[in-house]
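Participant: Note that the protein sequences, when read in sequence, are chains Y, A and F. Residue numbering for the first sequence follows this note's numbering, starting at 1 and increasing by one per position. Residue numbering for the second sequence follows this note's numbering, starting at 1 and increasing by one per position. Residue numbering for the third sequence follows this note's numbering, starting at 1 and increasing by one per position.
Derived by calculation from the structure, the hints in this document are not laboratory data. Accuracy of the hints is not assured; some may be wrong.
Keeping only pairs whose Cα atoms sit at most 20 Å apart, straight-line, the calculated DMTMM-like set for lysine to aspartate or glutamate is [what the hints assert, rightly or not]:
(1) Y:LYS128 / A:GLU34
(2) F:LYS166 / Y:ASP67
(3) F:LYS80 / A:GLU272
(4) Y:LYS24 / A:ASP42
(5) Y:LYS128 / A:ASP333
(6) F:LYS80 / F:ASP112
(7) F:LYS80 / A:ASP42
(8) F:LYS34 / A:ASP238
(9) F:LYS34 / A:GLU161
(10) Y:LYS151 / F:GLU181
(11) Y:LYS151 / A:ASP333
(12) F:LYS80 / A:GLU34
If you want the building blocks of each chain, they are given just below.
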Amino acid sequence: MAHQAGVSSDADDSGRVSLMNDPKARGLFFQGLLIIAVIAMVYMGISNAIANLARAGIASGFGFFGDRAGFDIGQTIIPYTNDSNYLQAFYVGLVNTLVVAVIGIFFATIIGFIVGLARLSKNYLVQKFATVYVETLRNIPLLLQLLFWYKAVLSILPSPREAARETGVEVAFSINNRGLYLPRVIPEDGSSLIFYALVIAIAAWFFIGRWAKKRQMATGRQFPVFLTGLGLLIALPLLAFLVTGMPLSLEYASLQGFNMVGGWIVQPEFMALLLGLALYTASFIAEIVRAGILAVSHGQTEAAFALGIRPNLTSRLVIVPQAMRVIIPPLTSQFLNLTKNSSLAVAIGYPDLVSVTGTVLNQTGQAVEVISITMLVYLTLSLLTSAFMNWFNSSVALVER
Amino acid sequence: MDNTTNSIAYVRTQESPATAPPVSTGGVGGWLKENLFATPRDTVLTILTFLFLVWIIPPIVDWAFISAVWTGESREDCIVPGAGACWAFVEAKFGQFMYGRYPLEERWRVDLSGLLLILGLVPIAIPSVPYKRENALYLLFVFPVLAFILLTGQFGLRPVETALWGGLLVTLVVAIVGIVVSFPLGILLALGRRSEMPIVKMFCVIFIEFWRGVPLITVLFMSSVMLPLFLPDGVSFDKLLRALIGVALFASAYMAEVIRGGLQAIPKGQYEAANAMALTFWQGTRLVTMPQALKLVIPGIVNTFIGLFKDTSLVLIIGLFDLLGIVQQNMNDPNWISPQTPATGFVFAAFVFFIFCFGMSRYSAYMERRLDTGHKR
Amino acid sequence: MNKKILSAVVGVAAVAGMGATGASAATLDDVKAKGFVQCGVSTGLAGFSAPNDAGDWSGLDVDLCRGVAAAVFGDATAVKYSPLSAKERFTALQSGEVDVLSRNTTWTMSRDTQLGLNFAGVNYYDGQGFMVRKSLGVNSALQLSGASVCVQTGTTTELNLTDYFKANDMTYNPVVFEKLEEVNAAYDANRCDVYTTDQSGLYSIRLGLSAPDEHMVLPEVISKEPLGPAVRQGDDQWFSVVKWVHFAMLNAEELGITSANADEMLESTDPNIMRLLGKEGAFGEAIGVSNDWAYQVIKQVGNYGEVFERNVGASTPLAIDRGVNALWSKGGFQYAPPIR
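So that you can see chain Y by itself, here it is in the shape it has in the complex (with noise of 0.2 Å):
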């Protein structure tokens, strides 16, 4: 109909169309409507829930964050106790969040990329448990997933006192229904140093790397990047552990009254939490790892085999940083996913974000701003991984000409 009308006001005045006719001007005039009808609808919102809220006598505001929470959490990384405030409250909830986001990711990805190289295996028996493994996990509900992790982890384990047998004896390593027990190593003096080395052993890493890099480049010559940066990440720390007088003790957990005090716990939440999640990821990391390296021509492979280059060279130097393009992409999703995955930890009382605030929503009782929070907190994640994977993703996409 615009095509219509425009050629009769074509015709007849010199390229002047009808406003209902321009394509300009109604968009002009959509927008508008639509600016309209969602302030309208936040308006309507705000103002219900400020009406709701005055007729209902509920505070409102974030004054609440500075009194004190008065309750306890389970894991808590950053210091607090129940005298500290609701704000440092929620701080703990994020970092527990944050952590089992990042180790959740760097075993989903480990996990998925074995399982994604074995359902490509010529071995029949490797190929086809890659594969159930993949569609069962893929096919089932991550909350069940993690419901059942969490009750096969509490009955399988057995109690602190059946594990320990001998109250106040301290050992090493324990495994019970409480956690997993492993030493706890405590700094004293000078012990900085050590974490320097530590820092500049991962730095010399880093440029070897790239020396190695640039020389293979010009030269063709190879280097043992990963075993010398190995040796570096073992030997630097060690030199300065030794030099300066050995400046750590260890903390060894023992079984007193109850449970097992002293050392480093793993809440079996966090297991439950951590096993559910990574496995669950790794099933589509997997599928994304297979499709990337099936997106490689087979043409490569016969090239770099035409070139002499051994098998196990060619998957490293010539098929996996080609299909890295088709997987990093899907891969960012999954590790969003992860991350978001990771507020199901309500269900098994593990003191994620959501957890921690769904207390404080509790014992404050205001909703709107506790929510709002929380939600905001996700999404700056969201889109602060994002970010970071697109500067990844440019940095080994392919430079065309």
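Please arrange chains A and F on chain Y, whose structure you already have, making use of the hints.
Facilitator: Quick look at chains A and F alone, frame taken from chain Y:
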């Protein structure tokens, strides 16, 4: 040296009989060698996997079948030492797992709705059956209305409040409403995101990225705890409806991205051709670009649906009793509590979810292969 | 395009209509108009509010809602129940989703003042206690230092727990869950040494454990937990209805009126009974219901003693002693102002 090799005149006139393959490549032994013991590393992997399977499979089989309790009246039957899965629990609670607390005498309405759904779903899933458009309209518009009337009880049927719904019924209602609502909404959002109107585009981008950036569970908390505060005085939503709104908005954002992928995959020439034919934007979208885009992303839509179907289990966190929720609730029934009840319940729920999701993912893979021949650039 | 917008608007309106229920300032009028009382209950706590397999609710808290329905409509069945988690319960009441929240909720000052609630009375005096496995060999809460404690989030319980351990200079490791069923399951799986909640709850929960006899409730009561029904602030008439339904049940017990003898008692010449049963005065009209309101409550639901015995008393599996919940005249705390 034989003189035949030197003579170029020698041409063989008959085919030589094929020699049997070496013993090491034929038969069972050959298959084993090729597929399981090709290299030393393979051999090690095979042995390790085999040992793992031997370690894990017999106890599972024993638990699920051999030592399982198949019939029984109460926990007493499942609490015997050495008992495996307590299938008697599933048997006793099967009605609840499927319908929740839906009144016994009204359950035919649920069954009828299910039948109506299957009647629409089967023909649309088989590519060779005609009347796809009418079929889709039935599924998107007619079926939801019929199911709504049947399930809630309108027009003289006995009303059944949603608080009584539960089990697989709620799982399917949440998933289907999510997909039916998110489909048109997703199309609009996808078009909006590709629009040249900056404000429309901005709103769509913000909407999509917001819902994709937050976990579903916070969305559900928002709709169950916060939404009531944003409604005018005197209006309040049913608990199930609130969850449905949250799920639908969440699913629309994901659907929009899938459909946008389809729109981007269509050659620009198609858009230009539609313009050249003097079709308006909506005509062009409806007749030229959208059908092609949707056809391309059928696997993506099915995958979104699988994800949504699995995500419905989250509604148990806000106190709705979907399949997983009702299984979990019944595990605490004092009449059935036993060491094996939780595992049995979880395995049953997992099995039901698996059947649905695996079925859909096979279908999606099938469609992917079918569509692979067409429009790929 | 316009058609689309129109149909969208119609659709949204239809959806809104589907679940919309009234909840303006005059709750009593709304309740009368819609024909039932919307009652917020727990997701399942035996003896207080729990559904059976057929979805019929029963319990002490449920009977209060039934009493309100009997007073308003003369029909104790005119109640619809909304199972609410600890997290949802206050918003559900604030937003008008439920008319009365009768969900073993502790009356505290901050809830009374900051959350916009009005507590209509105390239908169960409770206190927080601890449950442990007998095999631990513990017989006092003061021996619990270092224990893992299972607790439900969003309750006063969680805060009392912290305070108690702090005051007694003990340490503990909290294991916190959102839903009651999850806490129960974790405790039953031996994730924690101790389960803490209101003592009545502990008895109820113990019944649902796989081996109830292996657990014991410790004698210490570490807090005051007056549990009662709550309504929204700013609606005095509805507040009065709920408050006086509770008091009527208490007065009935004091005067010896039961559901069995309510009809005979109509003939009584005791002015106290005559006033309660609506034979004298117009007390019902004063709160906006019919004058035989209390008769209907007692006839259909019973007096407080009957309700207590039926749901949590000695004859039930919970077997809770009347204790402090006995009438004031029998050494308890339950005391209702007179109807006069």
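Participant: Indicate, hint by hint, whether the structure satisfies it.
Facilitator: We went through each hint and held it up to the structure:
1. Y:LYS128 / A:GLU34: Answer holds: LYS128 (chain Y) to GLU34 (chain A) is near 15 Å, not above 20 Å.
2. F:LYS166 / Y:ASP67: 18 Å, holds
3. F:LYS80 / A:GLU272: Distance of about 59 Å is beyond 20 Å: violated.
4. Y:LYS24 / A:ASP42: 66 Å, violated
5. Y:LYS128 / A:ASP333: 39 Å, violated
6. F:LYS80 / F:ASP112: Given pair LYS80 (chain F), ASP112 (chain F) is violated - Cα atoms ~25 Å apart, limit 20 Å.
7. F:LYS80 / A:ASP42: Given pair LYS80 (chain F), ASP42 (chain A) is violated - Cα atoms ~65 Å apart, limit 20 Å.
8. F:LYS34 / A:ASP238: At roughly 15 Å apart (the allowed maximum being 20 Å), ASP238 (chain A) and LYS34 (chain F) satisfy the hint.
9. F:LYS34 / A:GLU161: With a Cα-Cα distance of about 14 Å, the restraint between LYS34 (chain F) and GLU161 (chain A) holds, given a limit of 20 Å.
10. Y:LYS151 / F:GLU181: 13 Å, holds
11. Y:LYS151 / A:ASP333: Given that 20 Å is the threshold and the Cα spacing comes to 17 Å, the pair holds.
12. F:LYS80 / A:GLU34: 68 Å, violated
Hint check: violations occur at hints 3, 4, 5, 6, 7, 12; the rest are consistent with the structure.
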